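Protein chains in written order, with this note's numbering: chain A, 1 to 268; chain B, 269 to 577; chain C, 578 to 1168.
One or more of the hints may lead you astray.
[What the hints assert, rightly or not] In silico PhoX-like links for lysine-lysine, alpha-carbon gap of 25 Å or less:
hint : chain 1 : residue 1 : chain 2 : residue 2
1    : A       : K67       : B       : K568
2    : C       : K1139     : C       : K606
3    : B       : K570      : A       : K97
Honestly, the hints are just simulated from the structure, not real lab data.
This structure is a prediction, so every number in the text was calculated from the model and none was measured.
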Amino acid sequence: MRGGRHSSTNTRRGAGHEKQRSGKMKRITTVSILAAGIILGTLSAGARAEDNGVVKGKVIFKGDAEKYKRTTLDTSKDANCKKSKDKIGSYEVILNKKSDPITVQNVLVSIKEGLGDKKGTPKTDTVKLSQHGCEYTPHMIALMEGQTLKVVNEDDTNHNIHFLPKKNEEFNFSQPKKDPDAGKDLKLVAEPVFKIKCDVHPWMGAHVAVFNHPFFSVTGEAGTFEIKGLPPGKYVVEAWHETFGTQTMNVEIGTGATVEKDFTFEPK
Amino acid sequence: MKRLGRQIRRAGGRASLNKVGMGLRWAALVACVFLFADAPSAMGQAAAPQTEGIKIDGHYGPYLPTDASKDGYRADQLIDVVHWFMIALFVGWGIFFTYCLVKFRARPGHRANPEHIKAKPSKYLEIGVAIFEAVLLLGWSIPIWASVKNDVPPPNDPHAVRIRVVAEQFAWNFHYPGPDGKFGKTAVERINTATNPLGIDRNDPDGKDDIVSGELRLPVNKTIVCEILSKDVIHSFFLPVMRVKQDAIPGMRIPVWFTPVKTGTYEVACAQLCGNNHYSMKAIMYIQNQTDYDAWILEKCKPPEEFDG
Amino acid sequence: MSGHDHGSGRGGHHDHEHDLHHELGFWRKYVFSIDHKVIGIQYAVSALVFLFFGFCLMMIMRWQLAYPGQPVPIIGRFLSDAVAIDGVLRPEFYNALGAMHGTIMVFLGVVPLLVGGFGNYVMPLQIGAPDMAFPKLNMLSYWSFFVGCVVMVAGFFVPGGAANSGWTSYAPLSVIATTGQTMWLLGMVFLITSSLLGSVNFIVTIIQLRVKGLTMFRLPFFVWAQFVTSFLLLLAFPPLEAAAVLQLMDRLAGTSFFMPSGLVVSGVPQDFVGGGNPLLWQHLFWFLAHPEVYVLILPAMGIVAEIITNNTRRPLWGYTTMVYSLVFLGFMSFIVWAHHMFITGMGTQISAFFATTTMIISIPSVIILTCLIITLYNGYIRFNVPMLFALAFLPMFAIGGLTGLPLGLPASDIHLHDTYYVIGHFHYVVAPGTIFAIFAGIYYWYPKVTGRMMNPALGKIHFVLSFIFINTVFMPMFFQGLAGESRRLYDPTVYEHGVQMIGMRKMSSWGAWMLGLSQLPFILNFFMSIWAGKRVTNDNPWEATTIEWLAPSPPPHGNFAKVPTAHRGPYEYSVPGVKTDYFPQFAGAEA
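Next comes chain A alone, as it looks inside the complex:
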């Protein structure tokens, strides 16, 4: 509730007609007070949706892309992996080589500072984590506390997903059969990025981050991120990549503004 917008409405309608003060004055004062009250009330009830801004951008890779070629992983331990996917690739660096400039996939971009006690609109949809072709999809899983993480086995083999968090309790469970529809639902508490692995297929790995706000985004094949619904203000935005590390940038979101700012990872 700041900015100059409503200040004009707060101006009392002062008037010089003394004679009309008692009757007309009283009515005008009442109405204006009521109006002010309603407007103030609406405003104090929460930021207006139109006022929220967006921060978006790309995560650019600068350097020798040849150094970060993806290789085919050896899944020979379990022949059933090939039934779902003939080949799967390494995942520690996935560059979108076709784009110009080259961008980085699976970068977790989130608001690190500046939120105060703003919670935003909570996300409620279920996030699906699939084991398909003996790899995890998505590879970088970001969700909000309160969202359900549905772990699904879409392979004709036994998977044993093993969560290795620090705040949540470490746990693992078997999913011996293909059950693409059923899956196992999990609820996690907010925690920074942690690893998951499969106890049956050692090459499988992924990362999970659980937030207590909805302001995060993971770059995909386009290498872009977009965080919507940000109330106006100053923020520190963080980009995390499992190989390239962490970077931050400061942004200032004006009312309803869209800020476009890119991250650049330039590994030595």
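Following the hints, position chains B and C against chain A.
Relative to chain A, chains B and C alone:
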């Protein structure tokens, strides 16, 4: 409860058997029906989940499995001989035991005879057992074990196939030296669970052509030397059809050797509790003819292809 | 127990009747008692409860083995998410059940029952003593055991569940395992301390408190068995207690006694100093654990010997030979331990040494078994319930002992190590072996402890059902082992040989559940007979010759009205010229 107690107490013999015993006998009968009815129908049902679709060769039954190795017969022979010995002793004891129970059971007119029994046969039995055990040791076990431990082909033997078997929770990594026959250097810092589970230095000329595979492929009729290692806890490298078993102890590198003589697809098992997924720590072993094996080596020793996604 | 009523001074001691010492409150009389009989009963009852609990753990496990991946019936819905998903056991819980089953049966069940229960109660009576040499130490030993039990069972309730690295607790797995393992180690420290305190007491009591005329070679075989057993406990347990402390330090204090350098778990290099050796744990563990298995069998042989000679009405054949064999067995048991470690990379010389000592140790076992069988010859064999169990012990122990041969020879052990063959072997010795001896002992000494007989009809039903089903459980295991099926597998059907053996596993599982049900007649009998059992008409219902049968049934505090004297050997049955077919040790010189 009290009435039952009194009844049983009063009866103490036949009558109680009729009440309590009858019920229990029926229970036993029903149980036996379950036991034996279920058993045959369940034989060989579900296929092993992880390798549904992969046909495992060999016969696996109530006795020893198929022997697909050149020297496995020696241990099999020892197992056979020991079991005949055991059966002979047990039957001998059993006959004497049953004879005594029947002949000397308490009955009217019979008394115990306190005269000391000389029982020379028992002394001869003890001596015979001791001699036979010495024969088992000197004739079979000690020589076989000496061969298992000492007949490892020397490092410069060009005809032996050398592999390092690195166990981890919960998979087997089979590290081949590649066509150059030299193992690349490994380091913990270089370990990447997805792309480089053993931390091999790929810039090292020796390590360039190393192969790390999740399946064990071997040529038939060649002596194979496997050096067994572990990354984390104690595992055990068990090849039932080759009669090979060796614990994988972290910090140690222990060789085993065997010579496969039958081509086919067999299983590698973990035989030492290594954690929660110990049961699923299985690999497939393919014994192939030399041509197929060489082709596989040449294909796998190339650097991993680029993944286009 | 009715024993306590008589034990507080009502009957028996005229000279102590007005002694203030006997006016003990409830707690000093029944709970913190220093009377060996009360302590013996405490041990026995606790141990029986744990035997039952350990058995239940196994019955749950066996569902997963017979019907892998299917929800456990009846109790499945009560299992929390930490141990079972929708009623299907989780692998870590399965492993915990296995590890705790073994630990509980051995350390909380059989040893406390055989040594703490039978040994404590019967041994002083058999040597004519009023109590143990150190009664307060005796009580301390029980309460140390009790604390150990609580700590062990508490493992089930900590995050991560109970210890699940096998009862053998091999490092490095046990060092990186969850909190339950720490509870296991702490529990072991208390349990071992309890055994050490007890063993000192037993040795001193047997040496010092024998009555006049009771020379060492007139001791009942049961006392000899307890004597040798106590030496095993005293000398073999300390290395394990030390090792348990070392492993605790590895887990909690950052040491690396058993942790080599360069360990990588789940791709993460471990933060240990390194330089340790996992084999050190194995040596320290098995140095105890092998003598431990002789602790499990020796008192059982003692019980069986008592009952066989009593019900054959003949002296033990070869008593002296048996005693020497017992002592030799005890000595040899200290130098065979590494036969559990043949597959760790052992060379030719060490394996030849241990294989030879293992073969040698089979000789005294064979001698004892043969002597017991020969005792039956020319006897007058009474088939009462204790005798049925004691007789069954003989072939069952024979199977167990014989199947140790292929395991004790390194070359055949290659295929059989860590398979179901091993499980079949040791269970035959402990389950239809020791546990049948325990049942025999309970039916046999029950009238001495309670003054009543257990119902023989229920006893015979218990025997027949147990005998059938216990063989149903364990006989298939030899075939599973020969086929190559490893132990501690949550789901053996992962392997082809595991698939072929599913019929055997089902047979074992159903046998186990039926065996569990077969114990109901026993449990009923045990409790009912306390109040409703037939009262004994005299103190020696079995017409036995050893000194415990002189005492009243049950014996009062101080045991004997008059200190007895031993006039002859322990098994003077069917002596020519004596009217009755038994001539008790404590009876006067005339026939």
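Exercise. B/K570 and A/K97: Cα distance at most 25 Å?
Worked result: Cα-Cα ~24 Å, so holds.
Problem set entry | Given pair status - C/K606, C/K1139, alpha carbons within 25 Å | holds, 23 Å
Exercise. Does the structure keep A/K67 and B/K568 at a Cα separation of 25 Å or less?
Worked result: Holds - the C-alpha atoms of B/K568 and A/K67 are around 21 Å apart, at most 25 Å.
Hint compliance for this structure: every hint is met.
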